[in-house]
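Order-wise, the sequence lines are chains V and Z.
Okay, so the first sequence: first residue is 33 according to my numbering, each after it adds one.
Okay, so the second sequence: first residue is 47 according to my numbering, each after it adds one.
Keep in mind the hints are simulated off the structure, nothing from the lab.
Each hint should be verified, as a subset may be incorrect.
[To be verified] Label pairs and their computed distance ranges (CB to CB): (1) H58(V) with G64(Z): 32 to 38 Å; (2) R64(V) with P72(Z): 41 to 47 Å; (3) G40(V) with E142(Z): 29 to 35 Å; (4) G110(Z) with T99(V): 19 to 25 Å; (5) M33(V) with A65(Z): 17 to 23 Å; (6) H58(V) with L50(Z): 21 to 27 Å; (7) G64(Z) with K114(V): 44 to 50 Å; (8) P55(V) with A162(Z): 17 to 23 Å; (9) D153(Z) with P91(V): 24 to 30 Å; (10) K114(V) with A65(Z): 21 to 27 Å; (11) A65(Z) with R64(V): 25 to 31 Å; (12) E129(V) with E56(Z): 28 to 34 Å; (13) A131(Z) with T99(V): 56 to 62 Å.
Don't be surprised by glycine CBs; every beta carbon is placed ideally from N, CA and C.
Listed here are the chains, written in short residue letters.
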Amino acid sequence: MNGAHDLGGMHGFGPVDPEPDEPVFHHDWERRVFALNLASGFLGQWNIDMSRYAREQMPAAEYLATTYYEHWLFGLEHLLVKKGLVKPEEIEARVAELRRQRVGRPAAGS
Amino acid sequence: MRVLKGADVEQVIRKSGGARVHVELPAKFKAGDRVVARNLHPLGHTRLPRYARGRRGVIDRDHGVFIFPDTHAAGTGQKPQHVYAVRFDARELWGEAAEPRQFVYLDLWESYLDPA
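Given the sequences, and given the hints that come with them, work out the whole structure.
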């Protein structure tokens, strides 16, 4: 699909600025999202190309404003819901629960 | 449904296969052949970049046979086929303002290509 992921030749993103000694993960949640993707992939309900296509389903404006592992999380949720393994309400309920737990704590760095 | 156990993670990751398919298939193109990338705009997944569609290039080498991502993503089969490194002149892709003697190599599935 002609989505926001197909960036080749687009202007306006600024210079490519490689980070020296870039870590594999910048935040612990990224490590967790990656592991969740591999573990869920092992369920055998989809293949790697379906995973890529799932990430392309993110709305274009959102895709350009979010990071690599946010795309991975979006794609995973998309496939889990599509395959009937998780209901959208279950994801929403868990997010709401985590938000409640965070009340009264300082905001996380990311 | 399969479930991945913690103790099996390393083994599973080490043996996970790539997209190469070990079958003999006739190749439509060979190194040196002139090709044009098809002007495709599928609603599904594709690995043919927009900037290459309709552009002319030359087959640099044949990588062998691989799963076709477009159909694999759609759940309509692996459709194994040759993947070629195709060399595009920068000016073919980006116009006369591009530097001369610069090239872009794209790995493209046979279904993306027509003879030119």
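So, going through the hints one by one against the coordinates:
1. H58(V) with G64(Z): 32 to 38 Å: Given range 32 to 38 Å: violated, Cβ gap about 27 Å.
2. R64(V) with P72(Z): 41 to 47 Å: holds (46 Å)
3. G40(V) with E142(Z): 29 to 35 Å: violated (19 Å)
4. G110(Z) with T99(V): 19 to 25 Å: Because 34 Å falls outside the window, the suggested range is violated.
5. M33(V) with A65(Z): 17 to 23 Å: holds (20 Å)
6. H58(V) with L50(Z): 21 to 27 Å: holds (25 Å)
7. G64(Z) with K114(V): 44 to 50 Å: violated (25 Å)
8. P55(V) with A162(Z): 17 to 23 Å: Since the Cβ atoms of P55(V) and A162(Z) sit about 44 Å apart, the hinted range of 17 to 23 Å is violated.
9. D153(Z) with P91(V): 24 to 30 Å: Distance hint for D153(Z), P91(V) holds at roughly 29 Å.
10. K114(V) with A65(Z): 21 to 27 Å: holds (22 Å)
11. A65(Z) with R64(V): 25 to 31 Å: holds (26 Å)
12. E129(V) with E56(Z): 28 to 34 Å: holds (32 Å)
13. A131(Z) with T99(V): 56 to 62 Å: Roughly 30 Å apart at Cβ, these two residues miss the hinted range, so it is violated.
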